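Participant: Residues per chain, in single letters:
2 protein chains.
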Amino acid sequence: MAPRKKQAPDLNTTTPVSMADLARELGVSMTTISRALSDHHSIGPAMKQKVLKLAKKYNYQPNRLASALRKGKSQLLGIVVPYIEGRFFPSVVHGIETAASKAGYNVIICQSNEDVAQERRNLDILLSAQVAGILVSLSRTTHDFRHFEKVRSRGLPLVFFDRIVEGDNVNAVVLDDQEGGYVSTRHLLQQGCRRIAHLAGPQHLNIYKNRRQGYLDALREAGLPEDESLIHYSDMAQGQAAEGLRQMLTSANPPDGVFAAGDYAALGALQEAHRQGLRVPEDIAISGFSNETFTTVTQPPITTIDQRCEEMGQAAVRLLLELIDADGRPFAPRQVALRPELLVRNSSARTETAPTSPVRDPAAKFMEASAQ
Amino acid sequence: MAPRKKQAPDLNTTTPVSMADLARELGVSMTTISRALSDHHSIGPAMKQKVLKLAKKYNYQPNRLASALRKGKSQLLGIVVPYIEGRFFPSVVHGIETAASKAGYNVIICQSNEDVAQERRNLDILLSAQVAGILVSLSRTTHDFRHFEKVRSRGLPLVFFDRIVEGDNVNAVVLDDQEGGYVSTRHLLQQGCRRIAHLAGPQHLNIYKNRRQGYLDALREAGLPEDESLIHYSDMAQGQAAEGLRQMLTSANPPDGVFAAGDYAALGALQEAHRQGLRVPEDIAISGFSNETFTTVTQPPITTIDQRCEEMGQAAVRLLLELIDADGRPFAPRQVALRPELLVRNSSARTETAPTSPVRDPAAKFMEASAQ
DNA sequence: TATGTCGGCACAATCGATTGTGTAAAGTAA
DNA sequence: TTACTTTACACAATCGATTGTGCCGACATA
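Respectively, the protein sequence lines represent chains A and B.
One point on numbering: in the working numbering, the residue at position 101 of the first sequence is 101, and numbering is uninterrupted.
One point on numbering: in the working numbering, the residue at position 151 of the second sequence is 151, and numbering is uninterrupted.
It is possible that part of the hints are untrue.
Stated by the list, open to error - Label pairs and their calculated CB-CB ranges:
#: 1; chain 1: A; residue 1: Lys57; chain 2: B; residue 2: Asp144; range: 16 to 26 angstroms
#: 2; chain 1: B; residue 1: Val165; chain 2: A; residue 2: Arg275; range: 46 to 56 angstroms
#: 3; chain 1: A; residue 1: Ser153; chain 2: B; residue 2: Pro300; range: 48 to 58 angstroms
#: 4; chain 1: A; residue 1: Asp144; chain 2: B; residue 2: Thr351; range: 22 to 32 angstroms
#: 5; chain 1: B; residue 1: Pro62; chain 2: A; residue 2: His40; range: 26 to 36 angstroms
Claimed, not checked - Some chain B residues close to chain A (C-beta under 7 angstroms, calculated; not the full set):
#: 6; residue: Thr13
#: 7; residue: Thr14
#: 8; residue: Val17
#: 9; residue: Ser18
#: 10; residue: Ala20
#: 11; residue: Met47
#: 12; residue: Arg64
#: 13; residue: Ala68
#: 14; residue: Leu127
#: 15; residue: Ser128
#: 16; residue: His147
#: 17; residue: Glu149
#: 18; residue: Val151
#: 19; residue: Thr293
#: 20; residue: Phe294
By construction, these hints were calculated from the structure, which means they are not laboratory data.
It should be emphasised that the depicted structure is a prediction, and the values quoted were computed from it without experimental measurement.
Glycine included, each C-beta is placed from N, C-alpha and C at the ideal position.
Please model the entire structure based on the sequences and the hints provided.
Facilitator: Here it is as structure tokens:
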């Protein structure tokens, strides 16, 4: 029935030592061991020392399962992301894991693969794993949010990041996309651009809508008119963006700057500009969005917006830990908006004295380690 | 003492239903519930139906902690990687998570940050979390492997991937780097190159040593001499590689092809070739290694070797699951070497009829979703 | 009818750690 | 010295699920 204790089943495998083993060895109760290890006041210093020493000697490792079962809470955080690929999500996960482990938590990670059903299953799994909190970035197919009600009804801390449930009764961390569009466009204006095109993304997605709004804000602030003929809508693919720019360049009054809502679109624009024999940034300045790795290796490197991936992960964990610490006490939901960071590179820097890009080159870290 | 049951502590939070609740409701023992849910033969079909129905009605979720505690094994796999950044590790993790969840396991992920001490701590954490198995890619600073002995002594399945402990008494999955160097070089030969330079990496790292060996194998097979003046050693940074190629191009007998052991080096070579006014691939063909995202967006796109990141993750999980299923029974350690995949792109494809690159463009998947 | 077999379910121990309460002995105050 | 507090530890229940064994009734066999 019970696995035989202290008896190697096969070869030289060892069963880990438990508190009971320590207690037996010292001739005290398990209570004493447990409290000594957690530095409880009701245990004398002498006894504490003895226990600590023995634990070290036997290399005692507490069984987290047992502890979590008894306490009703594990030291695990759950993450649900659409996928772990590309540049964005891995970086956020990196930030999450780093912040979590610093706080003594470990993370169990799930992918929804952009599928609501799997997102639902993932939540169930995390619930049954008794995680202490959950971090979620929604799948694209999630339009019904009832499965999160189950999490809330358990009183389990829940924080959304990047792809969030809109509303002010949720805890969430996002990038301020509007600000990103604004600073990008303002930068192009500062470089002397007066007719700035915008390669816009699908407007039913908030991120693209907000980036466009930021673009418009900057134009208005500069006293420039909103000109729909300078805005090209696409799904942000390289080729489509290039085609969009090509059309605008044939007009009587072509643009002298491009704010692309995504780096692939910016790349398409850059290639199209080259095809048209335009100099970048002298004839046309270009900026993108997302700080994809390749933006540093194009000729010229592309000015872009860094999305603060790691900071987003860290901020999400901070918020989640606050919720955990609140432990069910009333907590006013909070939405955090991270300030995007403009990385000025040569695709837009016309003046020698243009602010140089801070060292946040995502590639730098891996150049010498390109083979992992 | 015990958290009050069935009593909302605060607002409208609910405690999950347990087997005991179901048992009470049906007036049967917990044994019956447990066995009915696990389809045990000693439970009648009628009772099974009743239990299943009630479980569904109350949305019963088994407490995995309790189950794992009792059974001594959880449904969790542990991953230890140096970091979750760049292109390689996230993709492998993606493959791991996908394969694991398909098999009913979830993964808890740890970063060593290239630090042995943290790698050690991570192992301890995973042990105390009672994971069913561990997947490891070594940190760069790991030269002492004793901490893995603890894992083995617990009889816990252990599989290394990519950065492995050398030897034939470990289970491991790697890319066949030598094969990668071989097929790359052979491809360049097929394109008509006769003086192929090699931008090599640090030879104390196995991956670079093996890539170089594959390069030499292909040359020998083609009856070409080994020429050290055509090999430039560096740490694979873009600038260093460019400088290396520049020197070779000034020689009396310049190369007409370049096999770079890394994509950043290949990029440096490409840029240098352009600076020298050379046409790529007509005057000089270039191929890289790793299939970094940017290789598809350069002009021309760079031929490279895909490292089968996802397949590596999946293969590692398959091996780990075999070990888990073996459950301590003798198992002959196995080392799996994945066949690299050559992606022919225009930096090396001289003929129109050159084999076109299969659709494994890492960027394609995210082009339309560049904003995550 | 007596014995044997099997299906169907309950008892109770168990995994390992936590914790409210009980209870001695030691220390302090009056 | 008596009463009271503090110190230091043990008892035992508990978290929720699993499982070897025992038991009872039903049915089959001789």
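Participant: Is the interface hint for Glu149 (chain B) satisfied, with its Cβ closer than 7 angstroms to some Cβ of chain A?
Facilitator: violated, 11 angstroms
Participant: Holds or violated: is there a CB of chain A closer than 7 angstroms to the CB of Met47 (chain B)?
Facilitator: Violated, because the Cβ-Cβ distance from Met47 (chain B) to chain A comes to roughly 23 angstroms (cut-off 7 angstroms).
Participant: Regarding the hint that Leu127 (chain B) lies at the interface with chain A, is the smallest CB-CB distance below 7 angstroms?
Facilitator: holds, 6 angstroms
Participant: Under the criterion of a CB-CB separation shorter than 7 angstroms, is Val151 (chain B) in contact with chain A as hinted?
Facilitator: Interface hint status for Val151 (chain B): violated (11 angstroms vs cutoff 7 angstroms).
Participant: Quick check on a hinted range of 46 to 56 angstroms for Val165 (chain B) and Arg275 (chain A), using CB atoms only.
Facilitator: Holds, since Val165 (chain B) and Arg275 (chain A) (Cβ atoms, about 51 angstroms apart) stay within the stated range.
Participant: Can the hint on Val17 (chain B) be confirmed by a CB-to-CB distance to chain A that is less than 7 angstroms?
Facilitator: Since the shortest Cβ distance to chain A is 11 angstroms, the answer is violated.
Participant: Please check whether Thr293 (chain B) passes as an interface residue: C-beta within 7 angstroms of a C-beta belonging to chain A.
Facilitator: Result: holds, 6 angstroms to nearest chain A Cβ.
Participant: How does the Cβ-Cβ distance of Asp144 (chain A) and Thr351 (chain B) compare with 22 to 32 angstroms: does it lie in that range?
Facilitator: violated, 53 angstroms
Participant: Hint Ser18 (chain B) vs chain A: min CB-CB distance below 7 angstroms?
Facilitator: Constraint on Ser18 (chain B) not satisfied, violated at 12 angstroms.
Participant: Given Ala20 (chain B) as an interface hint, is its Cβ closer than 7 angstroms to any Cβ of chain A?
Facilitator: violated, 14 angstroms
Participant: Measuring from the C-beta of Thr13 (chain B) to each C-beta in chain A, is the shortest one below 7 angstroms?
Facilitator: holds, 3 angstroms
Participant: Classify the hint on Thr14 (chain B) as holds or violated, based on whether any CB of chain A lies nearer than 7 angstroms to its CB.
Facilitator: Status holds, d = 5 angstroms.
Taken one by one, the earlier hints fail for this structure at numbers 4, 8, 9, 10, 11, 16, 17, 18, listed in ascending order.
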